[in-house]
Amino acid sequence: MWSYLVRRFVQAIFILFIITMLCFVLTRLSSDPMAQYANKPGISAADKERIAQSLGLDKPMPVQYVRWLGLALQGDLGNSFFSKQPVLDMIKQRLPMTLVLMITAEIFIILVSLVLGLVAAVKQYSFVDNLITTLSFIGFSMPIFFIALGCIMLFAVKFKQWGLPYLPTGADIWNPKDPVEMIRHLVMPVFCLVAIQTAGYSRFLRTSILEVLGLDYVRTARAKGLTERVTLYKHAFRNAILPFVTIIGLDIPFLMGGALVTESVFTWPGMGRLFWEYAGRGDYPVVLGVLLLTSTGVVFFTIIVDLLYTVIDPRIRLS
Amino acid sequence: MADTSELVNSSSNVKSLKADEAKAPLTPSQLIWRRFRKHRMAVVGGIGAVILILFIIIGSIVYPETRANETDLKQRLAGPSSTHWFGTDSVGRDVFIRIIYGGQISLFIGLLAVAVSVSLGTLVGGVAAYYGGWVDSVMMRFTEAMLAIPSLFLLIVLAKFIGREVGQVVILGRTFSGSIGIVILVIGLTSWMYLARIVRANVLSIKELDYVSASRALGASDVRIFFKHLVPNTLGPIIVSSTLGLAGAILTEAYVSFLGLGVQQPTSTWGNMMQQAQSFLIRGAWWMWVFPSVFIVFIILCVNLLGDGLRDAFDPRSNRHL
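Residue numbers (our numbering), protein chains in the order written: chain A, 105 to 423; chain B, -19 to 302.
Okay, chain A solo, but in the shape it has when bound (with noise of 0.2 Å):
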């Protein structure tokens, strides 16, 4: 057990070596932080390559790297090249919205596709199931701005013409702190998350559910006597369950992340959008700050759900 967990920090580490120095070289070399200043009167040459120096560069690559690995080992992360401000607290600031938008997603997810696909599958081949099948194909094979944009011309524009109760877009200014304005801005968001992520969820969760009906087990509880809800919910369903643990354990560190598409079409000011907007003017301690976060959150949660899945489901040991 001891040597599993040390092998897999190694593991970890060296992956998250390989992540920062690819992260590195792919946003130092394809984003010139220099450029703002390219068309700006006023700046000199020699403007230019003091401002160069005092950000650190006119060091060579390898150099820059190991500076930017060191500072960020102690916890600094550098100072955004636009806003000035330390890029640490930028993420500070964001984190909390994305994740009051991705947890409340998150866990209407888990519900909406639990109902879905214990429904598909129990009633499996009904009117149903493949109505269920079929909208969750349909909402896998969707971009999910397509949900998006079609709730923006429904339920902000065309309600507010037709002067019923409108949802707001988002481009509007408003207070995060008033949890009513909160709920209004989250409803539409939320809602696209959940049709896309259930989609995929409720298929795979109707596939194992019917996987392990099948099994002798249910059999021997269904001979035993028991009515259909205990062999469901008390055998079935359980067993059933526990892929979709590993699944959604994957997931949560991507909520650190944030939903970049869903953020950038109802303007939420989360992570996914600090990053859209920082790595377009080339900001890169932004870009790698956020970057670095993230996985770091994958690859530590990777190892932590491959632990809790051996105290859910005893037949599998570490190894």
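It should be emphasised that the hints constitute simulated quantities derived from the structure, not laboratory data. In this text the structure is predicted, and so the values were computed from the model without any measurement. Heads up, some of the hints might be wrong.
[As the list claims (entries may be wrong)] Chain B residues, not near chain A, derived (Cβ > 12 Å throughout):
hint, residue
1, G39
2, I41
3, P60
4, V107
5, V118
6, K140
7, A197
8, D202
[Stated by the list, open to error] No farther apart than 25 Å at their CA atoms in a straight line, the calculated lysine-lysine pairs in the BS3-like style are these:
hint, chain 1, residue 1, chain 2, residue 2
9, B, K187, B, K208
10, A, K338, A, K328
11, A, K227, A, K152
12, A, K152, A, K163
13, A, K163, B, K140
14, A, K152, A, K188
15, A, K227, A, K328
16, A, K196, A, K281
17, B, K140, A, K188
18, B, K140, A, K152
19, B, K187, A, K227
C-beta atoms are modelled at their ideal positions from N, C-alpha and C, and glycine is treated no differently.
We have chain A; now place chain B onto it with these hints.
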């Protein structure tokens, strides 16, 4: 993944199946075809995809390419009518014809991106498994590193990285924006990881089998063993994941275009048509948005159904459809 063990067992299962059936024995490919045919939705998906491809081919024959880029400022943002079936866009181009030519590009991007990702995935997974040891460790850690970065983030960073200089390219006498190549590369380079893991697991189990040892004893080179024995015996998962990957690639193209990193105008793709439509949606130009989206959803749906059917067909344990 589950596919691996199943494929390894395929030979024994096929034998027992043959024994069960008193009729003429079926070859594995016949069995696959039978299972596929019984999968009604997959057949529907396949037919849908063929119809769509025919639509694009016939459409490109009927309408010359110049019509797709023909602007008519008097007809800006006109709704669907008998002259413009799907209406016109903000500079008066015919949406119907742009969908035909956009479809060409979208499918082209999808196919080539899948080709890139499948070759990379097979190569990385195969080489890692075949050589093992530190080669395996390094390659798999790299794969895991790529998987740990949220895919859209990786896509954006990579698009900015490759997309620094873009020119025009001429393919088959037609001029395309060089961004097509970038989009293909970006999608291909960010989607090979799952396949690499599947191929690795598969090759790991095959490479110890007797026929591989035999072939090595006969003096076959690594390259020959790789392409003659290991790859063909992993073809099932490769075919399945390239089909599902095609759907994914078309969807990713839409996302990339939506973020403005995709193929640039005037070359149309379904993705960039939707992106262009976004700002005119509020002004009521629903046709600019609905038609390309319907085509995207339709083709992805068809290809996904097809891939699902293929997965069942290639799974030797799934005899329920026989």
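Against the structure, the hints come out as follows:
1. G39: At about 22 Å from chain A, G39 of chain B clears the 12 Å cut-off, so the statement holds.
2. I41: Per Cβ check, I41 of chain B is outside 12 Å of chain A; nearest 28 Å; holds.
3. P60: Holds, because the least Cβ-Cβ distance between P60 of chain B and chain A comes to about 17 Å, which exceeds 12 Å.
4. V107: holds (17 Å)
5. V118: violated (9 Å)
6. K140: violated (4 Å)
7. A197: holds (33 Å)
8. D202: holds (26 Å)
9. B:K187 / B:K208: holds (12 Å)
10. A:K338 / A:K328: Holds, at roughly 14 Å.
11. A:K227 / A:K152: It is violated: about 69 Å lies between the C-alpha atoms, which goes past 25 Å.
12. A:K152 / A:K163: Holds - the C-alpha atoms of K163 of chain A and K152 of chain A are around 15 Å apart, at most 25 Å.
13. A:K163 / B:K140: holds (22 Å)
14. A:K152 / A:K188: holds (17 Å)
15. A:K227 / A:K328: holds (22 Å)
16. A:K196 / A:K281: Holds, at about 16 Å.
17. B:K140 / A:K188: Measuring from Cα to Cα gives roughly 23 Å; hence the hint holds.
18. B:K140 / A:K152: Since the Cα atoms of K140 of chain B and K152 of chain A sit roughly 23 Å apart, the hinted pair holds (cutoff 25 Å).
19. B:K187 / A:K227: With Cα atoms ~43 Å apart, K187 of chain B and K227 of chain A exceed 25 Å; violated.
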